[in-house]
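2 protein chains.
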Amino acid sequence: MKILISNDDGIDSLGIFHLCNALKEVGEVTVVAPLSEQSAVGHAITMMHPLRVIKFYKDGNFFGYAVDGTPADCVKMGVRNILGFLPDIVVSGINHGSNTATSVIYSGTVSAAREAAIMDIPAIAISVTSHSVSNFDTACETAKKLVQLIGEKGLKKGTLLNVNVPDLPASEIKGMQLTKQGKSKWDDVYEKRVDPYGKEYFWLTGDFVETDDNLTLDQFAVKQKYVSVTPIHFDLTDHETYAQMSEWDIETLL
Amino acid sequence: MKILISNDDGIDSLGIFHLCNALKEVGEVTVVAPLSEQSAVGHAITMMHPLRVIKFYKDGNFFGYAVDGTPADCVKMGVRNILGFLPDIVVSGINHGSNTATSVIYSGTVSAAREAAIMDIPAIAISVTSHSVSNFDTACETAKKLVQLIGEKGLKKGTLLNVNVPDLPASEIKGMQLTKQGKSKWDDVYEKRVDPYGKEYFWLTGDFVETDDNLTLDQFAVKQKYVSVTPIHFDLTDHETYAQMSEWDIETLL
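Chains as they are written, first to last, in our numbering: chain W, 7 to 260; chain C, 7 to 260.
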């Protein structure tokens with residue numbers, strides 16, 4: 007399989023290094039990743055300035071292509087300009103930190119995979135639940151197994167798998183669980199500080215409020231030591247509200 | 007009604023000026039918008055550097071609060087730090103350029119409204135279909151009518167309305183249409199240039215390929231001179247694939 011790898015932590019991060027090594031065992035790998043960290047950039051793309059592509063080396067060996075843009079930029083650039091063809095799959099990660107529940111909305115890791123899904127390329131976003139990841143083994147094993155499974159079974163056009171792996175030794179992982187996006191979300195707080203010139207500035211902080219309460223929801227599953235696998239898509243239509251609103255007679259509103 | 011207004015074109019844009027004037031007729035308005043243009047930033051939020059809030063004046067009169075961040079940052083900051091309470095509704099726009107079909111994924115305008123939906127605040131994103139907008143009248147009228155309608159009927163928690171208005175005189179608009187997110191998408195092309203030092207750089211360009219073919223889809227509706235109103239949400243779960251994958255036995259994969 008021809009595999010395009012990206013991430014949002016940047017091309018020099020540990021997660022993409024481990025993912026690359028793992029997926030070399032199951033396919034032909036090309037890395038196109040952001041030159042610098044792009045966490046929480048969501049599905050941003052770069053239109054206001056041009057992009058550059060740099061060959062990136064690790065220990066004197068060619069590792070991949072760095073783009074001075076976002077994760078979604080990297081996938082567009084990787085497919086359109088670097089590969090020049092649609093790869094069999096795009097894998098984004100391994101992210102340092104979980105991308106469950108409402109966090110999916112803000113995730114650069116997921117956006118790289120979603121950009122692939124928009125191009126009708128099967129895709130996986132994979133994250134480990136701790137920012138200071140200690141265990142990449144299960145995430146690597148999961149990525150290999152899912153890439154092979156998608157190679158066999160395919161994936162519906164426009165769909166990607168959002169995978170979250172507990173940061174635990176393999177022996178403590180209870181297994182894999184098919185899940186839906188949970189409802190847990192951030193309770194934002196801005197921490198006010200004052201600069202040396204007497205002016206205020208604000209840091210985004212807050213707590214992740216966990217409301218998910220069963221194994222069919224991603225955030226609960228990872229807390230229960232399962233690897234969560236959530237199929238997501240980019241049709242944002244709220245079909246339930248669409249049905250309700252068809253009784254609102256908005257056709258007569260203007 | 008207490009109305010929080012934001013956008014992605016920046017606090018000094020013409021669209022937010024017209025929206026603000028229109029919504030003052032139906033409620034008490036507070037503007038919190040990006041200091042600089044933030045088109046195509048998707049649902050980015052700022053975590054790697056702190057934010058500042060600046061009082062912004064137009065013609066010597068206080069207009070609103072400018073934040074040196076993204077549209078989603080503005081809504082978080084507006085609700086948590088500036089208002090200090092949940093407004094009755096958040097309206098984002100009026101965007102210069104359409105946000106239909108796959109463009110919704112990249113839209114900063116939509117992300118401001120979605121951030122409100124995440125906080126359980128009803129929200130509207132509103133765009134006019136041309137970058138050089140000539141006609142704001144119908145968009146202003148639409149915003150007022152929809153704010154009042156949501157004031158009466160409410161909106162399901164987690165839902166927002168994504169509204170697109172053809173850039174036409176009011177007399178040429180055929181009416182309002184309840185729609186779903188279309189499938190039209192960008193066919194990306196990177197235009198290669200060479201800088202004065204002989205190095206390559208790339209501009210993102212391309213064509214919007216329109217595949218939508220009926221009035222229930224947003225992109226087709228606006229092309230047919232209707233105002234499209236699409237209810238969207240942030241549950242990205244692909245329930246169809248979830249059902250299919252429950253037969254894949256991924257529980258046994260690790």
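Mixed in with the good hints, there may be bad ones.
For identical chains, the list gives no copy identity; a pair is met inside one copy or between any two copies.
Think about it this way: if two alpha-carbon atoms lie no more than 20 Å apart in a straight line, the pair counts; the simulated PhoX-like pairs of lysine-lysine are [stated by the list, open to error]:
1. K231 with K64
2. K180 with K64
3. K180 with K151
4. K61 with K205
5. K198 with K163
6. K61 with K198
7. K180 with K229
8. K64 with K159
9. K198 with K180
10. K163 with K189
11. K8 with K231
12. K180 with K150
13. K30 with K8
14. K162 with K151
15. K189 with K162
16. K189 with K159
17. K231 with K162
18. K229 with K30
Because the hints were derived from the structure by calculation, they are not lab data.
**Prompt:** Taking each numbered hint in turn, which are not upheld by the structure, reported in ascending numerical order?
**Reply:** Result: hints 1, 2, 5, 8, 9, 11, 16, 17, 18 break, sorted rising.
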